[in-house]
Each structure stands twice: as structure tokens, then as C-alpha cells.
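Student: Residue strings, one per chain:
There are 2 protein chains.
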Amino acid sequence: MKKVYAGIDLGGTFIKAGLISPGGARISYFKIPTEVESGLNTVRDNLIKAGKRLISISGRKRMKLCGIGIGSPGTVRYPEGIVTDSSPNIPGWVGTSFGGLSADLKIEVRADNDANCMALGEYMFGAGRGTRSGFYITIGTGIGGAFIYNGRLIRGASYAAGEFGHTALKYNGKKCKCGRRGCVEAYTAVPALIQSAKKLAKKHPYSSLRKKLDGLTSHMIFDAFKKGDRAASEAVRLNAAMLGSAVGSVVNLFNPEIVVVGGGLAEAGKKYIDELRKNIIAFAFGSAANSLKIRSARLGNSAGWIGAACLNFDKNNR
Amino acid sequence: MKKVYAGIDLGGTFIKAGLISPGGARISYFKIPTEVESGLNTVRDNLIKAGKRLISISGRKRMKLCGIGIGSPGTVRYPEGIVTDSSPNIPGWVGTSFGGLSADLKIEVRADNDANCMALGEYMFGAGRGTRSGFYITIGTGIGGAFIYNGRLIRGASYAAGEFGHTALKYNGKKCKCGRRGCVEAYTAVPALIQSAKKLAKKHPYSSLRKKLDGLTSHMIFDAFKKGDRAASEAVRLNAAMLGSAVGSVVNLFNPEIVVVGGGLAEAGKKYIDELRKNIIAFAFGSAANSLKIRSARLGNSAGWIGAACLNFDKNNR
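Residue numbers (this note's numbering), protein chains in the order written: chain L, 393 to 710; chain S, 393 to 710.
Check each hint, because a few of them may be wrong.
For identical chains, the list gives no copy identity; a pair is met inside one copy or between any two copies.
[To be verified] Here are the simulated DSS-like cross-link-like pairs (lysine-lysine), alpha carbons at most 25 Å apart as the crow flies:
1) K619 x K594
2) K569 x K670
3) K670 x K567
4) K498 x K663
Hints were generated in silico from the structure; no laboratory data involved.
Between the sequences and the hints, there should be enough to build the whole structure, so can you do that?
Tutor: Structure, rendered in C-alpha cells:
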């Protein structure tokens, strides 16, 4: 019987789930609503529903299911699978024990933080394949980060490592949603990019963004950037300069083999990544910069559930 | 025959060397001048001289010498012991291979970066004893850093990890000696503290520092701080606030069990460490901050050679 591994990405809106082979081939995929608004019991029921469906799919395919992995928002104690700190995506989720699902589903269940799972997915079967150490970031409404070193996640002493979005980029600077000042997220996440593009569009009378100020999205900004729009280009360059300093700082600290950029900004394309690379390299030290690879994430929205599935791979792959 | 381990700390001014027992007891210690000004061959000869003396001391004491460890400035490829990037302390040191000393001395020689050795020393027998993961910093004229995770040094993909001094604390800020802008070192190392104390002393007519502006040292500033001098207190508090943000950022990224502060600032005493702790905790996230220990280094100037000696301990201790 062929082995398969199941992964579940528990998001604020959807539960994404699927099966992969030990080599990373995608064998099945589906998504169902998380229904956070219906309460935590519903979320838990939906997780069990997804788990049962994964078990039944692998049964129908006559494959041996080797465990279910779950990527969850918040801080997750590993390998016990207990949520020790909530995330705004699923309020009140703290205290959840994924271990209980193991009994409900009669199969090994492992859970980890969602950013860790995304990093693990990219490391195993995406942009980080073949490397040994990497810094994985996701830039969207918020900013997530995770480290892989010698092929394993660095989870931290209390499983809270990777909060790249809340490192200081500008001491005593702009107020961040988290309450601190000057965080990387306050300056470089998508809302900051949109805000700065709006401001710049008002300065540049010929900017194509001026007509779209109300519903401005990062997609529109990157489209305009590719076409050479001045306001968009300035906003994107400032973003790449600031994010580049921040990532370059982490490169100086941690000296990874690769930096993998995922989330909304990664979809901005090669021109943005080139701009970002230039700024990372400018801030990174010689010996850390020389050998550094900088790549866009490859698995897109699937990185989370694929990485979660990898939690049940052999010990050395975790 | 009792086992001993030898360690050498190769500094810009002195070569410090000694022997420790497997339990960390100091069995012997001496220092000789490095003589950088006489050229690299002299430095190498002095290293061999120190090595031979360590061998002869252990012989006289009828102890079994289990290897010599060397902490060197610059980036050192480990375990091969090749300097891949120089430091200003010993210019031209790049390319040095410590492996050659093994043949000269007829004993196992391992070399690593000096900041890594200091961290290893503090982890094994100093402030970090009993912990599993830590962030070790030294604040003096420059700033060094190193990480221990699961009991082992995180050296980085090209052995260049730990450059905490050159992470951005103020995007596009003050120019740093390294050529970048806004580095932690430019704002929080001893020269920045002295500069800011001088500036503040000019503002505070009753500051005791006003009489000492020419030869002002960090010791004088901390003495005045302990006595409640206003200029000194403001300078120290600003230093602790900025360094606290920077260290808090690393805590959010890496979630260590302990932060160990060494170098000149560590000698400032409890009042300074308390001030620093307050600022680190204010910037660190709940789950990473709650369990965090913050301590002064304990081994002082001996951390380097003691840590270097630990390089030849059992694999798991490296």
C-alpha cells in the first residue's frame, strides 16, 4: 500500500486540506469554510470533518494514511499541539489541544503554527528544496516568519520564534497594530504599501493610481509598477528598501542559505523580488550575502497544508 | 590520568590561554601579547608558543590534554578552522588555517569565531548554564552576538551568523562604521553612549560629567548613573531603551530561553541590567517574554578562552 500524508491549514476563512505522497506529489485537495463566526465548537467540528474526509479519501484510494498534520494560527506547543497564545484570526483559540483530535480521528495528529508549516512546505517541496537553512517570510496584511536550520524548524524556547513582523525597523517610529512602535510590519506589510502609494499618487498628477484611490489593492500597485507608473514605483521601491534592510538585518543575524518570500508581495513578480534582492544584499554582510539565495515562494496558498502534512514525515524532516 | 581541555582566545592585544577540567574548573591561565604590529607570522608563532606552553603545563600536571580550542576574530569555517573573513582586530588574517597548527602541535586543534566561543563559554560554565537556547551579546567598542539552540551554536550557512551589531535599529538612520545606516552598534555601543552622555552633560549644568568630558569613559558614566547624575541617567536610559528594542526584536524572532549580556555594558551592574530588562520585556511578545531570563555574563574576559576549550568537548556540547 502506498503511503500518504494529510495536511490541514486552518485559516481564519477556510480550512484547506489535502494528501501528499512522501515525495510531495499532491494526491487530493479540498477546502471548506472555517466558520469562525459560528464559534469555536463549530471550528473544531469542521476540523474533524476535514480530517474524516481525508481519512476516507485515502481509504478509497487504498493508500496508507501516515498521520494528519495541522497548521494553526497562534503559538502552538510542539509536538503536544496545544495553542498557548491566540491569533486575531481565531479569537479564543488559546488552550485548544489538537492532541484530542488524535483520539477522535483514531490517527496520529500533529499541529504546529501556520507560519512554521508554510516554511516547512516550502523547504521540503518548494523554493527551499535542497537547502539546509532558510528564513521564510510571508508578507500580506500581516507579516509572518520562520527559520529552518540544519533541516529543522527553529521553534524557540516557548514555540514563539519567527515574529519577524514585530522586530524594530525604526526605533520609536510609527505605531504598529501590536501596540509597539517602529515594527517591520507597520512599514512594510500590504496596508503600509497601499497607504504610501495613496500618498504618492496625490503627489504625482499623471499617476494611473489616482483614479483608483478608494479601492486600491497591492495588485493594482504592482500592475502600475510594472508599467512604470511613478507613484507606484516610488511606493514599491520604498517598500523594497525598508523590507530589504529588515531582511538584510536578519541575514546578518542568522546567516541563512536562502530567504524565501511568500504572501501577497511574492506575487508581485520578478521585478519586485529583484528590487528586494538588491536591498537585502546592500544591507547584508559580505560572507552572509555572497552565498545567499533569495527566491519567491513556490507553493502559494498550498504551502500551509503541504507543510502541515510534512509534520508526520520522518523525525529528521521536522 | 585526569582530562583537561585547553582554550586560547586570540585578541587584538593579548592571547589569553588556559586549561579547564571537563567540569569547567580553571586549572591554569596565562596571557601573552599578540603582537599584531609585528606581522601575521609573529601572531602565528605566538599562537604556537601559547599552544606549546599549554601542552607543557598539562604534561607537568600529569593531565591528559584532550585538544586545543582557539577563538579567533573574523569569520571562521567550522570545524575546518579556516578564516574566511577578516576582522579589523587582525587585518589580513583571512585565509589563515588553524588546521595547520594541529600538525605543528601534534594535537587536535579546533577554531571558531571569538564571539561564538564567548557564548559557548557562558553557556557551558557561566550565565547560561542549565539553559538550552540563548542569545549572547557583548557590548563594548563594537557589538558581537551569538546564538545557542538546543545546546549547540547556530553558526549560519557560511559561519557568519550573529552580527547583531549590524542589524537595523533605525532605518536610514545614523551612519555606522561598517558603512550601513542605522545599525544597532551605531546607537548602542560604548562610543555612542559616551557621545550621548557628552551631549547631555552640556545640557545639564549640575552634571558631574561636565568636568570629565575629555576623557569620558563608560565606567565614569555608569558611576555617575548609580549616583543619580541626570545627564548620565538620561544617557544610560536612552541606551537601555534602544538596546532593549533591538534585543526585544531578536527575542521576537528567535524566542531564546535566556539573553546574556557581556562586555563593557555588562559591568555596569544590576541597575543597568534592570533598566535593560524592562525595555526588552516591553518590546518582546507575551509568550517569548514571559519565560525569558536576562542575565549579565559571568565569566568576564575569560569567556573566550573557556568557550574555546569547550570546542573539544563531546560533539553534543558544541
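Student: Now look at each hint and say whether the structure bears it out.
Tutor: Consistency of the hints with the structure:
In this assembly of identical chains, K619 and K594 lie within 25 Å of each other by CA distance solely inside one copy; the values are 18 Å within and 54 Å between copies. For a Cα distance limit of 25 Å, the shortest separation of K569 from K670 across copies, 21 Å, qualifies, whereas the shortest one inside one copy, 29 Å, does not. In the homo-oligomer, the alpha carbons of K670 and K567 lie at most 25 Å apart only across protomers (19 Å), although the nearest pairing inside one protomer, at 27 Å, exceeds that limit. Proximity of K498 and K663 under a CA criterion of 25 Å is satisfied in neither setting, with 48 Å inside one chain copy and 55 Å between copies.
Of the numbered hints listed earlier, the single one contradicted by the structure is hint 4.
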